[in-house]
Amino acid sequence: MIEHAFLVGFSKSFGLFYLIALSIAVVIYAMKPSNKKQFDEAAQSIFRDEAGPWR
Amino acid sequence: MSLFGFHYRLERKAIGLTLAIILVASIGGLVEIAPLFTIHQTVEDAPDMRVYTPLELAGRNIYIREGCYACHSQMIRTLRDEVDRYGPYSLAVESKYDHPMLWGSKRTGPDLARIGEKYSDQWHVAHMNNPRDVVPVSVMPAYGWLLTTELRTDDLGLHLKAMRRVGVPYTDDMIANAAVDAYAQSNPDSPLADGVTKRYGKATTLRAFDGQPGRLTEMDAMVAYLQVLGRLTDAATKSTARAEAGQ
Amino acid sequence: MIAQLTLTERQHAIMISAAVAVLGALMILVGQDDAMSIHGVLVFVASAIMIFRIGGSYYAPLPSDDRLAHYYDDPSKVGIVLSMIWVVVGLAVGDWVAWQLVNPDLTFGPGWSSFGRLRPVHTTSVIFGFGGNALIATSFYVLQRTSRARLPDQVSPWFVLYGYNLFCLLAVTGYLMGVTQSKEYAEPEWYNDFWLVVVWVTYFVIYLRTLARRKEPHIYVSNWYYMAFILVVAILHIVNNLAVPISLGHTKSYSAFSGVQDAMTQWWYGHNAVAFFLTAGFLGMMYYFLPMRAGRPIYSYRMSIISFWGITFFYMWAGSHHLHYTALPQWVQTLGMTFSLMLLIPSWASAGNVLLTLNGAWDKVRDDATLRFMMVAGVFYGLTTFEGSFMAIRTVNSLSHYTDWTVGHVHAGALGWVAMITFGSIYASVPWLWKRQQMYSPKLVEAHFWLALAGTVIYVFAMWNSGIVQGLMWRTYTESGTLAYSFVDTLVAMHPYYIARAVGGLLFLIGGCIGAYNIWKTIRISGAAAEQASDVPQPAVVGAGTLQPAE
Chain A
1 MIEHAFLVGF SKSFGLFYLI ALSIAVVIYA MKPSNKKQFD EAAQSIFRDE AGPWR
Chain B
1001 MSLFGFHYRL ERKAIGLTLA IILVASIGGL VEIAPLFTIH QTVEDAPDMR VYTPLELAGR
1061 NIYIREGCYA CHSQMIRTLR DEVDRYGPYS LAVESKYDHP MLWGSKRTGP DLARIGEKYS
1121 DQWHVAHMNN PRDVVPVSVM PAYGWLLTTE LRTDDLGLHL KAMRRVGVPY TDDMIANAAV
1181 DAYAQSNPDS PLADGVTKRY GKATTLRAFD GQPGRLTEMD AMVAYLQVLG RLTDAATKST
1241 ARAEAGQ
Chain C
2001 MIAQLTLTER QHAIMISAAV AVLGALMILV GQDDAMSIHG VLVFVASAIM IFRIGGSYYA
2061 PLPSDDRLAH YYDDPSKVGI VLSMIWVVVG LAVGDWVAWQ LVNPDLTFGP GWSSFGRLRP
2121 VHTTSVIFGF GGNALIATSF YVLQRTSRAR LPDQVSPWFV LYGYNLFCLL AVTGYLMGVT
2181 QSKEYAEPEW YNDFWLVVVW VTYFVIYLRT LARRKEPHIY VSNWYYMAFI LVVAILHIVN
2241 NLAVPISLGH TKSYSAFSGV QDAMTQWWYG HNAVAFFLTA GFLGMMYYFL PMRAGRPIYS
2301 YRMSIISFWG ITFFYMWAGS HHLHYTALPQ WVQTLGMTFS LMLLIPSWAS AGNVLLTLNG
2361 AWDKVRDDAT LRFMMVAGVF YGLTTFEGSF MAIRTVNSLS HYTDWTVGHV HAGALGWVAM
2421 ITFGSIYASV PWLWKRQQMY SPKLVEAHFW LALAGTVIYV FAMWNSGIVQ GLMWRTYTES
2481 GTLAYSFVDT LVAMHPYYIA RAVGGLLFLI GGCIGAYNIW KTIRISGAAA EQASDVPQPA
2541 VVGAGTLQPA E
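So the sequence lines, in the order shown, correspond to chains A, B and C.
First residue of the first sequence: 1, per our numbering; consecutive thereafter.
First residue of the second sequence: 1001, per our numbering; consecutive thereafter.
First residue of the third sequence: 2001, per our numbering; consecutive thereafter.
Here are the simulated lysine-lysine pairs, DSSO-like style, with alpha carbons at most 27 angstroms apart:
no. : chain 1 : residue 1 : chain 2 : residue 2
1   : A       : Lys36     : B       : Lys1013
2   : C       : Lys2215   : C       : Lys2435
3   : C       : Lys2077   : C       : Lys2521
4   : B       : Lys1202   : B       : Lys1238
5   : A       : Lys37     : B       : Lys1013
6   : B       : Lys1013   : A       : Lys32
Over 12 angstroms on every C-beta distance to chain C, these chain B residues come out as not near it, computed from the model:
no. : residue
7   : Ala1176
8   : Val1180
9   : Gln1212
Non-contacting residues of chain C with respect to chain A, defined by C-beta distances greater than 12 angstroms in every case (computed):
no. : residue
10  : Met2015
11  : Val2045
12  : Ala2048
13  : Pro2063
14  : Asp2074
15  : Trp2096
16  : Met2177
17  : Leu2444
18  : Thr2490
Calculated directly from the structure, the hints in this document are not laboratory data.
Virtual Cβ for every residue (Gly too), placed ideally from N, Cα, C.
Construct all of the structure, not just a fragment, from the sequences and the given hints.
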């Protein structure tokens, strides 16, 4: 039987750690200089005019 | 790079994104909701709590069918003015047999969590028939047809059975007699009435709720349900009394 | 539609329709209540019509391979038309029930026309009918262009589109007959829920199959949002709708959850339906159509990624703010409140991205009502998410909850954000899809914009006022310590605001009708002269130079 108190404690603490860890991971991924080129290209990619699907 | 390898890599990216979304999104709900399923370990139980009778359950289903929950809440919050206006605040245990719960989200009309036995059956029938006859400025729709529509009872046993499958303690006896009990609860003079009391307890109200003893209408069910709201257990009044004594 | 299908595709389409027809026949056969039988007839007739339509053109000339050199836009076109039909219906029903709160006798008497049954007709028609169809239509459109790949086949998109509309139709007709689970925004009963799962899985498979064919190595961020929308809505839908039907022949079922667990599950669903249906999907729309229409790339692609993951992992915790001061344990309420406050970061990152993308193109916003729709959507998105975080604070919520303030908040989001971004995207894509130079009447777009904006503002202000007034009246005490106002007193005070709200809704409805008319005329106009050659939208740039990132 899983203890209610344990689950609640886990929720309250884990939520915080999970939040911080994910936030850091996402900011690193978005801000990593080596990704910059890829993102700039992606932002421009929708304007590249090709008359239809590539195949 | 082979054409196959190229495509394989692209597909992997889409699937990776899919898995990441599922993982990241589901953890939040899981961690937050899971503890609620062990809540019975901490919340006080109400051993005296009874289940809805077939007639009350039928009334509850009409309440759902007509969308009453869109304008009436059944959840008194732990705020002073709500307790003064509607009665003791709602406890978790009080809706443990509510599949689904009808806590509501909007009060275009007042809260109904403790409406049971606050007004007479006649008042409810008149009010449902045309709310403006009783409350001149009411914006509630009229539900006059409930008085003339016969209540369907042949499938009530199936309703109780489904409720039992999701965890409500209905007995075989209750399921077998569901339709009879629905009829008898609104015909207190019938010889079948004793069975209702036997199965659902002495506190069960047996009355011709719609004022027409020989006839089982949807109004009977609706009023029977409204009159039992907040009265399946007295855990809330007890806990308030205890809290006041403790002060 | 059928002329484009290959012979095998025509056969598949007939077989699928036949299978659905069998399902409908089964529903009629085992149906134990009227609603199940009527729905069986509906399903059967709908699939029979499909079979006859395909069968009627079965021997039509087969399409040439030229079609593979173009994107497959027919489902998007039909989706947009369906979306405009649903919005007119949904807004009309919404305004009708708004007038019912002014005069409660504005019913036809019988049950189907009362507030309680019509209200889910309104919410389902606008959220799922209008919003859902617009999301499906635009997602196919955006998916193909950002991947530079054609949809993988020509049957499954139709199955998704028509299957989804069958779901909406069964839902709405069900409410009129009293078929509902009572779970807000998840009212459809078990059999319809099953059907939606089938449709939804097919929808996601189309997404994966198209992405697997893409040319671009990077998946454009719009698709991230659309994918999160499809995936998370599936999770939410399945969990919240777990229920036991009383028999296979009955429409009625009982939720697997009860009481406090059910409340938490429902609002976990309810709030994330807002997050992933009404936010994520429409952000996907915004991240494509706004840059295209403005002729400028999104201000910060990085910010769009940060806000994507922020929305995906913050929102899931926020649902419990719907249950402040209830029997839900207080730690869950606190958790919900905390995460709701933090949600402001990713939300404002998106709203900021909209405005910063337009920064430097304000002349276009001034001249182009379509772009203005999108800008106003961004502004309302920022306002509504701020208001939402604010209302999630326990003490604020004690005043706002159960009142019209909540209704006002929802409509600021639904009218101001969701509808505005959708109208903007539809006005942008209709000329591109039907190969017209522009909309039939730019003046009517302008009129629609002002009606929509005026309607939204009137609506929201009326509900703010009535909500706060009613909340304060409920908690006012006399000097002797008794409640100052009865519930009936507060009803009287609501009356003028209810009139104002219904008027605001009426303006928004008129705008929607004008929009539908304008789109219809654009489609019907003989466009031979106006045809554009390219399959890819030309950004509406006057004297376009090279595109510069604004960052």
